[in-house]
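Colleague: Whole structure, please, built from the sequences with the hints as guidance.
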Amino acid sequence: MKIVDGLESFHKHTDWHQGTSLAIGNFDGMHIGHQLVIKRCVQAAKDLNITSAVITFIPHPSEILSASKQKHLNILDFDEKAKIIQELGVDTLLIIHFNHDVSHLSPSIFLEDVLIRQLKMKHLVTGSDFHFGQNREGNQKLLVHMSATKNFTYERLERIKWNEHQASSSNVKALMQLGAFRIIKHLLGRWYHVSGIVSRGDGVAGRLGIPTANIKLRDDLCHPLYGVYLIRAEIQGQVCYGIANVGVKPTFLNSSKPTLEAHFFQLPNVELHGQHLKVELLHFIRPERKFAGIEDLKTQIQQDITFASQAIPSVLDESWVESSLTA
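Taking our numbering, I'd label the letters of the sequence shown as residues 913 to 1239.
Simulated from the structure, these hints should not be mistaken for laboratory data. Every residue, glycine too, gets a C-beta built ideally from N, C-alpha and C. Take the hints with a grain of salt, since some may be wrong.
To be verified - Quick list of simulated restraints, FRET-style, between CB atoms:
1) 1115 / 1011: 40 to 48 Å
2) 1168 / 1112: 14 to 22 Å
3) 1076 / 975: 29 to 37 Å
4) 1225 / 1123: 22 to 30 Å
5) 955 / 1120: 47 to 55 Å
6) 1177 / 955: 39 to 47 Å
7) 1065 / 974: 27 to 35 Å
8) 1056 / 1112: 51 to 59 Å
9) 955 / 1049: 26 to 34 Å
10) 961 / 1049: 28 to 36 Å
11) 1119 / 1160: 17 to 25 Å
12) 1082 / 1207: 40 to 48 Å
13) 1227 / 1150: 16 to 24 Å
Claimed, not checked - Derived DSS-like pairs (lysine-lysine); straight-line CA-CA distance at most 25 Å:
14) 958 / 1032
15) 1034 / 914
16) 1097 / 1190
17) 1085 / 983
18) 1062 / 1034
Modeller: Given below as structure tokens:
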């Protein structure tokens, strides 16, 4: 997959001259609804023998358009989003840098000049809540009308649900604050994870005899509910289970910088410091809280380890699931 940074760079590539099948959106989280939009884009490109391209925006348009100009917190970082898009078989990922000039383009200019003239769009796939152009005036009605006169086809996909839980980024973020990661797993099509470079901690875990691998949570990503989790990671080809505390460590530091502290039950003989680690959150055990002292904390951690170890089979058992995907 080619990653093209900006419209001006798109014209350096020649494999799109026969036309493109486009999917447009922010794709924050790459949940199962986003994946379906992109899969339809890729299939249409194959059917029409043209190039499949996904268009996404940096920064998130809300950072420019909202009155507060508040930073948008993503579920995934860009690299992880791009990796999933590539795995879905997309030919080109086009980044449009969203700014005031882009936001002031009328829907007709964005459609006719950018999508049709510059990107040679022959097919377009969007989600049901897609709007575009100045003041978000571009909508399904306009796209249906324009497709009849501008030689492209338009496909609008309704939002889908899993067992009555709507697949949307806002819903995933709300469920993250409830610790409902088994539901989130089905909405994302994968376990939610935290990833980053393992850094040295404050030494408290070592004094407790419970060594941890520490990952600082990023300021630009949505954080899960603070607390203790059953976790899983693949380390040197070995699947390792453990527990992790996500939060600010109120017993000792009450830090303003939240961290994931992971303790693995069995670990290969490897130095994790400085390594990139991907940690899946499987089950929320309890909220983070402040303890009276180090012995109380150690006792609770041992109880957490016992509970988590015993919970692994039931957490991974999905015989309880009556999977239902609905539009």
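Colleague: If a hint holds in the structure, say so; if it doesn't, say that too.
Modeller: Results of checking the hints against the structure:
Separated by about 45 Å at the C-beta atoms, residue 1115 and residue 1011 satisfy the suggested range of 40 to 48 Å. Distance hint check: the CB atoms of residue 1168 and residue 1112 are about 18 Å apart, consistent with the given range 14 to 22 Å. Our hint of 29 to 37 Å for residue 1076 and residue 975 holds, since their Cβ atoms are close to 32 Å apart. The hinted range of 22 to 30 Å is satisfied by residue 1225 and residue 1123, whose Cβ atoms lie roughly 25 Å apart.
The supplied range of 47 to 55 Å is met by residue 955 and residue 1120, whose beta-carbon atoms lie about 53 Å from each other. Checked against the hint of 39 to 47 Å, the pair residue 1177 and residue 955 passes, with Cβ atoms roughly 43 Å apart. Distance hint for residue 1065 and residue 974: a CB-CB separation of about 29 Å, consistent with the stated range 27 to 35 Å. The beta-carbon spacing between residue 1056 and residue 1112, approximately 57 Å, falls within the hinted interval of 51 to 59 Å.
Here the CB-CB span from residue 955 to residue 1049 is close to 30 Å, well matched to the stated 26 to 34 Å. Between residue 961 and residue 1049 the CB atoms are about 33 Å apart, so this pair conforms to the stated range of 28 to 36 Å. The hint said 17 to 25 Å for the Cβ distance between residue 1119 and residue 1160, and at roughly 19 Å that hint holds. Remark: the range hint 40 to 48 Å for residue 1082 to residue 1207 is upheld by a beta-carbon distance near 42 Å.
Restraint check, residue 1227 to residue 1150: a C-beta distance of roughly 19 Å satisfies the suggested window 16 to 24 Å. Proximity of residue 958 to residue 1032 is assessed by CA-CA distance (about 16 Å); at most 25 Å being required, the pair is judged to hold. Taking the CA atoms of residue 1034 and residue 914, the gap is near 19 Å; set against the 25 Å cutoff, the hint holds. Annotation: proposed proximity of residue 1097 to residue 1190 holds, straight-line Cα distance about 15 Å (limit 25 Å).
Annotation: proposed proximity of residue 1085 to residue 983 holds, straight-line Cα distance about 15 Å (limit 25 Å). This hinted pair checks out: residue 1062 and residue 1034 have alpha carbons roughly 9 Å apart, not beyond 25 Å.
Violated hints: none; the structure is consistent with every hint.
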